[in-house]
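Engineer: Sequence:
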Amino acid sequence: MSTAVHLDGITKRFPGVIANDDVDLTVEQGTVHALLGENGAGKTTLMNVLYGLYEPTEGTVNIDGEPQDFNNPGDAIAAGVGMIHQHFMLVDPMTIAENIVLGNEPRKWFGTTVDRERARQEVVELSQRYGFDVDPDDTVEDVSVGVQQRVEILKALYRGADILILDEPTAVLTPQEVEELFAVFEELTAQGKTIIFISHKLGEAMHAADDITVLRDGKNVGTVDAKETSREELAELMVGREVLLEPKSEPREPGEQVLSVEGVNANDNRGIPAVDDVSFEIREGEVFGIAGVDGNGQSQLVEVITGLRNPTSGRVTYKGRDITHSSRRSRIDDGMAYVPEDRHERGLVMDFDLVQNGILGSQHNPEFTNSGAIDWPSARGHAEDIIQSYDVRPPHPDADAESFSGGNQQKFIVGREFERNPDFVVATHPTRGVDIGAMEFIHERLLDLRAEGKAVLLISSKLDEVQGLSDRLGVMHDGELMDIVDPRNTTEEEIGLLMAGERPDTDADEANATVGDAQ
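In UniProt numbering, the protein residues as written are 1 to 519.
In silico lysine-lysine, BS3-like type, Cα no more than 25 Å apart, as pairs:
hint, residue 1, residue 2
1, Lys248, Lys462
2, Lys248, Lys201
3, Lys462, Lys201
4, Lys227, Lys462
5, Lys201, Lys219
6, Lys227, Lys201
Using C-beta positions, here's what the derived DEER-type ranges look like:
hint, residue 1, residue 2, range
7, Glu141, His207, 26 to 32 Å
8, Thr139, Asp478, 24 to 30 Å
9, Glu444, Glu367, 24 to 30 Å
10, Met350, Asp464, 27 to 33 Å
11, Glu444, Asp8, 36 to 42 Å
12, His207, Thr139, 31 to 37 Å
13, Glu367, Glu493, 46 to 52 Å
None of these hints come from the bench; they were simulated from the model.
No residue lacks a Cβ here, since even glycine has one placed at the ideal position from N, Cα and C.
Input sequences plus hints: build the corresponding full structure.
Structural biologist: Take a look at the structure:
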């Protein structure tokens, strides 16, 4: 087996930060290699060096045994390296075929006109060669995130990539799409392609990779065989200490009712029903979880509860008051915190720095105002406290939110919302995109809030997370709350059936009981 990539002593310095510190990395041709590490460990920076986005401060990039001097991604692409970023770079109104050939379109009539039919045929042939199920005539905005990711992969393959880098490729995929992506990996490596994927998900790395390299604080702390390691070993390599991987909440008696949702119905942005007659209540000192595949009404339900969407019918009661049509600001003022599922659209103003983002929703509070103006020293101290307590990297309060990795953006949002001293927390995918150490910390903070008598609504597509933290668990499918179960006495298989829209066959159970009685 030959070596496809060898990074020799890569160091990358930014002002005040060493992102990569003398990193060696070897990736064999025709294998899947996972790059694990906490947020800020230097994973994406290292791959950006390999892809030519950054020039290394020190060290050498070798492709197929030949040293390379990449000045830009074009040089890397010419050497057979392609990169699929976490946030896709596609043109939504254009077709799949148009996106794949964009910038490299086949031409006719002496190069003056794009040969659209040939472009379409080349995309069809490419898709068939690698077993990709895509329709070249579909527009990107009309297909699922999983299909969009395949388009990005095909775009790199169309440009001749033999080495594919994927940055957090499963972050926005459903479990089914994750399995489909890993099947794509198998097909690509079977045809000689080499895959490097950045992740912080231990189970996925062990399942999909041949080898796993772990970065910590910019250094390579070890490369292991994926089939001969364990989640515990990988977590300790990533964090530098033993990590509690499975969150567990101890049973406790809840207090008074904090939130009640009664017969709520709501439409999505297109006016199509998305929430179907949902009812439940949450009490003090309780974590109420909602499980379900993304896109089954959870987002619209949360928006109704937090004041971002009006229901078509039903009622929301908070602390004994009807707040169905109350403003978002009044809910914040009354102790309702909210970690949104989309950190870019709802959690942060991306071109604001962390000082400004730290007081979003609280900028009118006396704590951050002085004679009617914002007290910026107080706001800065608040941002610094969040950065320190939630380990946001790099620790630069004056940096714009868009300059931080997704995981560090998420840690900052969670810190801002949890530190409002709330009575009720709506936490939607609170650990999405964060590393194993931060995940453990966020789980502990959620359980601390519960122990302090706060009410928590936890929405997550991670079944182990929502099952391990919740006192009661609701399962949503197609806008409907299928059932509310005790997560300690319900198996993953039973929850999975509810997520798929299948209720237990109570009629059959009753019939069997009747037969048993008669006998």
